[in-house]
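Peer 1: If you want the building blocks of each chain, they are given just below.
2 protein chains.
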Amino acid sequence: MENIFTDEYFMKKAMQEAEVAFEQGEIPVGAVIVVNNTVIARSHNLTEMLNDVTAHAEMQSITAAANYLGGKYLKDCTLYVTLEPCQMCAGALYWSQITKIVFGARDEQRGFMTLGTKLHPKTTVVSGIMADEAANLMKRFFASKRK
Amino acid sequence: MENIFTDEYFMKKAMQEAEVAFEQGEIPVGAVIVVNNTVIARSHNLTEMLNDVTAHAEMQSITAAANYLGGKYLKDCTLYVTLEPCQMCAGALYWSQITKIVFGARDEQRGFMTLGTKLHPKTTVVSGIMADEAANLMKRFFASKRK
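Chains as they are written, first to last, in this note's numbering: chain A, 194 to 340; chain B, 194 to 340.
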């Protein structure tokens, strides 16, 4: 039997969150956290609505997942996020000791890979899943803001 | 007339927050954010109580100060924090465009200076204010945990 729970399967759910952000006038980034093929947190960027630079999708999902699990370490969890995490989010992921990070599009300017933010040694990273879709949504967003 | 509003003056308030954290069994880090010599946010580490790795003193103060100011950018604000911020907090401070960061003790292992986290070009940094007091409180905390 084919395994439907691929990285693409869960990244689609993160993309749905990013689309909600887009509709709300937020920079369109979405995230979900998954454990045992179950989504335990889903969120999208809310920095504009909350007037809060810390309200990135990843930060909210980290807090929500820890709340769901009843512990602050995200053991056996995978974060799916449409855009490469920034220094802040990668720094939070470091503390969470999350098992796996899957992201879509690169953020060449402000992404943690460019800026060299340190992750926990237990954490593995997969990139490029639905990267074109995520990048296109970002482009559409910034094009609409320039109008 | 002597200016009472020195960096030491406000760092003492951050130290008071760190002492509250100590009493609550949290890693003893405290922070305040000041604008025009007025404290607009105060907080201490709550990672244990909230089971949330993102609940560092700085993160809470950034959110509270933005809420007070009604805007997400911490223009003309100074953060006083007893310990060198980590990657996550420095990453959040980057987004906030905060004017000044004053910290006490160095965190040689996990501090943003060691790990090279990028701050906003508008941000200036002062270190070493009440560093011994902050470091001693940390030492007392970890000694008490080893018992």
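Calculated from the structure, these hints are not laboratory results.
Treat the hints loosely; a few may be bogus.
Which copy is meant is left open, because identical chains are indistinguishable; a pair holds if it fits in one copy or across any two.
Claimed, not checked - 27 Å max Cα-Cα, derived BS3-like pairs, lysine-lysine:
(1) 293 to 206
(2) 338 to 293
(3) 340 to 311
(4) 338 to 268
(5) 315 to 338
(6) 293 to 340
(7) 311 to 293
(8) 332 to 205
Peer 1: Have a look at residue 340 and residue 311 and pick one of within, between, both or neither, based on CA distance no larger than 27 Å.
Peer 2: neither (38 Å within a copy, 31 Å between copies)
Peer 1: What label fits residue 338 with residue 293 when the C-alpha limit is 27 Å: within, between, both, or neither?
Peer 2: neither (33 Å within a copy, 30 Å between copies)
Peer 1: Regarding residue 338 and residue 268, is the shortest C-alpha distance of 27 Å or less found within a copy, between copies, in both, or in neither?
Peer 2: This pair counts as between: shortest inter-copy Cα distance 24 Å, intra-copy 39 Å.
Peer 1: Taking 27 Å as the upper bound on the Cα-Cα distance, should residue 293 and residue 206 be classified as within, between, both, or neither?
Peer 2: within (17 Å within a copy, 39 Å between copies)
Peer 1: Taking 27 Å as the upper bound on the Cα-Cα distance, should residue 315 and residue 338 be classified as within, between, both, or neither?
Peer 2: Answer is between; shortest inter-copy Cα gap is 25 Å, intra-copy 39 Å.
Peer 1: How would you classify residue 293 and residue 340 at a CA-CA limit of 27 Å: within, between, both, or neither?
Peer 2: neither (38 Å within a copy, 35 Å between copies)
Peer 1: One pair to classify: residue 332 and residue 205, alpha carbons no more than 27 Å apart. Within, between, both, or neither?
Peer 2: within (18 Å within a copy, 47 Å between copies)
Peer 1: Pop the pair residue 311 and residue 293 into one bin, within, between, both or neither, using alpha-carbon distances up to 27 Å.
Peer 2: This pair counts as both: shortest intra-copy Cα distance 14 Å, inter-copy 24 Å.
In this structure, the earlier hints numbered 2, 3, 6 are contradicted, and the remaining ones agree with it.
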